[in-house]
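Based on the hints, put chain B in the right spot on chain A.
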Amino acid sequence: MSNKVLIADDEQSIRKLYERELTREGYEVILAASGKETLEKVRECLPDLVVLDIRMPGMDGLNVMSKLLEENNELPVVINSAYATYKDSFMSWAADAYLVKSSDLTELKETIDKVLESRSVCS
Amino acid sequence: MDRPSGHQVITPPPKLDQRGPRWKDGPCRYEASNSSHLTTPFVDQLERHFVFGWIETDSEGKVLHSSSKVKDWFPDCFENGISIEEGLSACFLPIQENDPDVSNRIHSELFKSLLRGGSLRKSIHRESAPRIFNYLTIPASEKTFAHLFIDFESEKNIAESYKSDLKHLASMREIIDLLYESMSVSEVIDLILVAVTASRGLGFNRAFFLEIKDGHLQGRRGIGPASVDEAREIWSQLDERSPSLRETLNLLSTTEGTPDPATQDLVKKIDLSLIVDENENSSSEISKACLEMKPARLIRDEVESPIDNALFESLGSSAFAVVPLNVQDRLAGVLIADNFITGQEVSEEHLNLLRTFSRYAAIALERSSLLYELTDNNHKLRQANRELQTHQRKLLHAEKLSALGKMAACVSHEIRNPLTAIGGLARSVHDDESISEESREDLKIIVNEVERLERFLKETLNFVKPLSGPFEPADVKDVLGSVIQTFKDSIIGCGIDLVVEMPEEPMVSSLNTDLLRGAVSNLIKNAREALGDQGTLGVHVSKAGGLAIIEVGDTGIGIPETIKDMIFEPFFTNKDDGTGIGLAITQQNVRGLHGSIELTSDERYKTLFKIKIPL
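Sequence lines, in order, name chains A and B. In terms of this note's numbering, the first sequence is residues 1 to 123. In terms of this note's numbering, the second sequence is residues 1001 to 1615.
Note that these hints are calculated values from the structure, not bench results. You can take every hint at face value.
Below, computed lysine-lysine pairings styled on DSS-like, alpha-carbon distance capped at 25 angstroms: (1) A:K16 / B:K1458; (2) A:K87 / B:K1406; (3) B:K1575 / B:K1394; (4) A:K87 / B:K1458; (5) B:K1444 / A:K109; (6) B:K1458 / A:K109; (7) B:K1444 / A:K16.
To give a feel for the contact side, a few chain B residues facing chain A, derived at Cβ under 7 angstroms: (8) T1420; (9) G1423; (10) L1425.
Built from N, CA and C at the ideal position, the CB exists for glycine as well.
So that you can see chain A by itself, here it is in the shape it has in the complex (with noise of 0.2 angstroms):
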């Protein structure tokens, strides 16, 4: 069975090309445009792992994660930001791994894969 990857982006260019390009690599993709339905898809769907944004219109990435860290802290969470400031806050630190966009997605698919893994085998 494929993973479950949840991308909350509140930019749709964004959202369609982390799509294709996941579900290129095998991962069943789950989208959300905003921290609300981020939280909603997740309870829904029970994805495997969150590709978050942190600035979004309304509930800002960084509230989202803990948030779904509340309700089941043993959910990966990969912070994927136009912004490289927030690496530094603590908040951040709660994530498993923090990525600055890029339109190159390999570091990216392979941060998802790595933080899946270790997950794995933990679990």
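Quick look at chain B alone, frame taken from chain A:
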């Protein structure tokens, strides 16, 4: 012209009867008279100003009256009624006509004018104590003659005193000329002291300059011999050379340290409080002189105040002159002059000369200290101006950084998201096997350009938020080795010679290796780009004085002088596709390592960046 030519004309004493026919009335008989024709206000005046005596005789040459001076000089020789010839032969010896000693004497102009009426003059020696008198005979009235005796020595003394005044005036002029030339305070002080002590100047034995500081009189400079032996030696040397004031002054300034070390030591010990103790009854003459700004003569045995006594004690002299040097009410210092060696007293005349001199000296002193202040202030102003410029540059730099930061934060999100989508989708399509080769090439261009934009964003953001990893002990050589390894292939691949020099021993320092790596990578990258496909790229590492010195050089065309100052500025670039951030980041990284970076060049490398970081 009836005035004697050139030298004094000396004639032998005439016979009185030979003189007779010269007068219109012919020889006259003596007529007794109670008062002389010569007791007139005019003669009195003459007598007062010139040292001369007179005798009035009748036409026969019998003495009628004689002045008190004559009675004084020649007691009993010219009693009334006695023949003048007799008296003269008793008192005087005729002078040889061509005696050069006498004939060269200058004759008083006044008496030359008296002679215009036609009279006889002669100079005579008195037998006992040789003394030269001018003697002349002129008609005093219709019936009497005046015989005048002028004390030649006195006349000469007056001339001498004029000459000496002239000499003083000349040296005063020389001193004043020199004072005007002197620029620095110490030069002026030296000149003042030389002028006071030089034989061509005021001729004192020693002179001291004391400064006034917080109510204290402090010795600053002193010249003059410290002992009789020293005096003999110095003065004989000076006599031989007979230097001008200027020469003496030059001598002083070329002498190492001080010319009279013992005297200088002595003056340096002087430190007197001018503030008079209220309980003290006797007031200090020195304090008074300073307060009233009037020169004074002090004699050791006469002073009572402890301050004055202390100064006498310090100087060891028995008398000295105190001359305040003031311009209006500002006291610039105090001059002390004494005759320590010769013991000669300080005469009123000398004090007057000192007083005159002190005015010029004070002005010169004031002028030189104002000049010093002016130069000093000018210097400070320039310094301040330089600092201001530096601060302004720093401010500009900071402003640019802040603008950069705001811009970066603002645009990064706005630009990075679309870029990620554009580039990512282009990449995605690029990898699609179904598209044509032509489209693939176009997409490749999109992918590359997006990468370039992303690189720019990354560099900008790195600069705004520099790497802030930990400082840990690391070997500088290892860090550089790994950086060089990264670039090695691309450098050599381009056809560039790579020269690396590192010392054998390890160079361990507490470092943030990311900062160092970033800085050096940037320099190597720049050098490689500057060289193109030929030349030499050098990385030289050395150790000096607790610093690691990392030099990255290239043999390219170098950096033009005009832009050297700007290369570390953010956004400054001379490359077509440069971001203008690279060297700014490099500098920031080096500063983060508590080091410094400078741009230079040498015979080998046209462009040479030198990084120094503490080890």
